[in-house]
Amino acid sequence: MDSLLVIAIIIVMLIMLLVSGLYIHSVLLASGIIGLILLEGFGILPGLIGKEPFNRVASYTLTTIPLFVLMAQFILQSGLVQDIFYMVHKVSKGKNSLLGVLTLFIGGMLGAVSGSGTATSASLGQVAIPELRRHGYSAPLAGAIAAAGGSLSGIIPPSIILILYGVATETPVGKLFIGAFIPGILTMVVFIFVMLVLFQMERKKRSIAAVNPVSMQMESSINPYQDKNDIETAATVSEHKQETISALRLVTVSIIGVLIMAVIFGGIYSGLFTPTEAGAVGSLVGLIAALILGKVNVQFFKSSLTETVKLTGMVMIIMIGAQIFGKFVSLSLLPRKLIVMLEPIMDSPALVLIAISVVLFIMFMFVEGAAVILMSIPVLLPIITELQVDILWFGVFVAVICTIGLLTPPVGLSVYAVAGVSGIGSGPIFKVGMIFAIVAMIIVCGLMIVFPQLATWLPNSMS
Amino acid sequence: EDTDKAYGESETIKLRAATGLSTQHAWWANSMVPWMERVEELTDGQVVFESFTGGELVSVPDEADAVLDGTVDVALVLPIYEPDQYPMAEVTMLPLSHSDTFIASNAWKKLLESDVELADGKTYSEMQFSGFKVFPVSTTQEYSISTTGKEFITANDIKGTSLRTPSRIHEVYAGEAGINSVTMPAVEMYDALSRGTFDGSFYSIADWSGYGFQDLFKYTITGVNFGHFNAFIGMSKEKWESLPEHVQQAMTQANEEIFTPGAQEWVDRSEKAITANKEIGGQFVDFSTLNADVQEHFHKGMEGTWKNYAELLESNGLPGDKLVVLWRDILIEEGGEVPESIMNLE
Amino acid sequence: MEGVLKAYKVFQYLKVIGVWVSGISVLVMMFFISYDVFVRNVFSGSIRGGFEIVQNYLMPLVVFPSLAYVYSSGVLPKMDLIMDKLGARMKKGLIFMMLLIELFILALIVQFSWEFAMNGLERKTAFPAAGTMYPLYPLFFMIPIAFAMIFIENIFILIRNLKEEKASLLVIDKSGELEGF
Ligand code: NA
Ligand code: NA
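Chains as they are written, first to last, in the working numbering: chain U, 1 to 463; chain X, 1 to 346; chain S, 1 to 181.
Chain U on its own, in the form it takes in the complex (with noise of 0.2 angstroms):
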């Protein structure tokens, strides 16, 4: 059949059946075969669809997955996370927005640790939702906040998909990391503004909602997810007295926290362990530090476990769908398609890389990080050499516009994540999570345009 006509029919298809509520990764395998089918007929499929699980898994680069969700797993049983979230809140002296700016600078650290957005916000969708909502947090908002903060591992070096495209573009890996250090930091902060932007908002919205229950009650319908004693833990929370703490145990904590994090980064810069190895130190760290709270039992390992195989079970098989789906993409030729799109503006390279962005943009919308990484870079690269762009930069700029595509719908691996974890639906994250992809892709990626030297500055400087 025409590959346009194809293309088009599974596009159709693909929201059709995204809308109608199936699981993303059956949406994701549904039309990457049939797409395949109607491309090349039934003889493609066993070349291509059994082995690709297989493969898919088998990789030592995606340890990072469950032993990164097994050691935020083991803290977050140890009630360590808990205790430093009760410590801040104090020291906050109930000012509750300190607590997401909390949050997403706690994703930025675990970023920094971990190489792969999703189970960063899987694990802090756990860890962090909870207490934002005892603080007056709607269930979106919370959430949003884990899967951004969770999603700042894309950028904040390692990255996964920066090893991806040093790999497809021959970029040293090292100076790709250097070089996205600044930008990393930069999202950083442009998702803490965002969401006191939005915290404010929100509380605002609730003082009103409070004096005019019509409206609190419409709110409450549009979004059934939203939990309806919001408004008065809102209200209540200042004078809500939690268990009081020991100073002892705050002590021993903090000390803990520290030195959690001592061994991790200090191990990855000092040479100990690859950042992939640290996911499974941390983990033994993890479960040192919870035998020393003496949190362990069978109940710590049945539920610890269950959690970790839940969501990389989760993940990987939204991986392997992802995979197929690309298959699928890169048969049909459709980045090529795109990108033939663009050549009468090839002159004005700023237009060019506008026009790649919203592509990518789009591509990150739909499919999986790295499969886009695989499948554009090699159409990408002939143009961006052409226009003479840092290849270095652009990678960078790469991955910020991933990273940001980790919030947006349909595919937003980290807005999975953390619904499965939080179980609040998706698709009201995804209402917040937008506000958070749209601000910082404008801010992040047209600092990025204007002042070049934010990725290019450091790595130069350096070697």
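If you are wondering where the hints come from, they were derived from the structure by calculation, not from laboratory data.
Keep in mind that a hint or two might mislead.
Some chain S residues well away from chain X (every beta-carbon gap over 10 angstroms; in silico) [stated by the list, open to error]:
1. V16
2. W20
3. F51
4. Q111
5. K166
If you want a taste of the chain U side facing chain X, the calculated C-beta under 8 angstroms gives, among others [what the hints assert, rightly or not]:
6. I37
7. P46
8. P172
9. Y269
10. P275
11. N297
12. V298
13. S332
14. I377
Every residue gets a Cβ at the ideal spot worked out from N, C-alpha and C, and that includes glycine.
We have chain U already, so just place chains X and S with the ligands on it with the hints.
Coordinates of chains X and S with the ligands only, in the frame set by chain U:
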């Protein structure tokens, strides 16, 4: 598309070509792409290639399977990555005392085209690549040992050094020479090496630029050789036989034409990498200037590796002894050298 | 429905065994990699072939055995935009359509991953690590088994929706009941 159907004399032939390597890899950019372009030229555009790179359709090392099961029509096949399926392909990775890209490339081509019967009246290609139409391409430049600073002053410095081993033969060699082998994906290497997670790697200088190693390695031993990685452009026999004769001729002619320039590219890349590496203070030490005990230690490892590899094949019912002798003889014919004791193998 | 639920209980046990296999594999992976890091830094050695063993054995063991459990645990994401706004009949129709699509693609995946596994068995697929070959093909069989179990799960969901009034994509709507192992 029906693979079994023979093409008409003037009908346009669209072939799907793939590699898991990046577009800039020398094998793709300087062997396969020129080959495809030349075939399109020679057939006046009757043959058209549609290519998929960087693993977007087929990843390393699945190219061979993809060609055989019809997912793609032609691909760069890297048989060394599948020692379970092509155990005799690793023979070019055996360590040598002297050779270069041209010597090894010509020897690899000769081995593929050799009519010496190794077992059951079958030649090398018939035993290993019977399902393929093979178009030989150059091997890589020789593998060296490079470290991020560790130097080999005495034989004791070699023992316990941690090096990344890119193939099974290197693992065997590392075992023989008392070197700790580290396995990790090439993409993680830069990061791990720059932080001192391990000491260095077996690697070919020409391939450094792919991962930025010219900015990283400080000490490289040259003038000794830890094998050559090999590859070929592969097509299934079925597909090959379905092509009109003049197209087959064009493909063969194009293959002859691109073979040597493809090998030259490795040499050019190596020179560039050496210049860049010297600029940041990289040292290149010739093997013959090393201490005698260091030289001897490396040589001993070589002999052990040849014997070990032959035995390994024999124990799997393959003609290991005959194969290593055939490879040695072809290599010597092309101007290569091996340690004395390997010359004595019969 | 009673008999079906009984059969489903047995099926649950199988899934829970899978969770244990996966969960223990995660722990093994953690200790294995940590030990490798320890040995490398203290004795500057390293587990011979450790990398390949983690990648080819442990990763598939972490993911595939528990996949059917993951599928029925309600953790898998979907876009929940319109489902809850539909009337009961529309909702049921939609669920039947989705089940048929699921069954179709699952059947294809089971078939082709089974062929892949049989092909591996025939060729005795193996991977090299530290100079020796380790068999790989036995692990290939986990894929068709995992997806066949998801297929069976979908059959149960189909039966449930045929017999019960209220439409649902889960056999037992409160996934909490599954946690009691
Ligand atoms: Na990161
Ligand atoms: Na997205």
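Hint check:
| no. | hint | verdict |
| --- | --- | --- |
| 1 | V16 | holds (34 angstroms) |
| 2 | W20 | holds (29 angstroms) |
| 3 | F51 | violated (4 angstroms) |
| 4 | Q111 | holds (15 angstroms) |
| 5 | K166 | holds (44 angstroms) |
| 6 | I37 | violated (14 angstroms) |
| 7 | P46 | holds (6 angstroms) |
| 8 | P172 | holds (3 angstroms) |
| 9 | Y269 | holds (7 angstroms) |
| 10 | P275 | holds (7 angstroms) |
| 11 | N297 | violated (36 angstroms) |
| 12 | V298 | violated (36 angstroms) |
| 13 | S332 | violated (11 angstroms) |
| 14 | I377 | holds (6 angstroms) |
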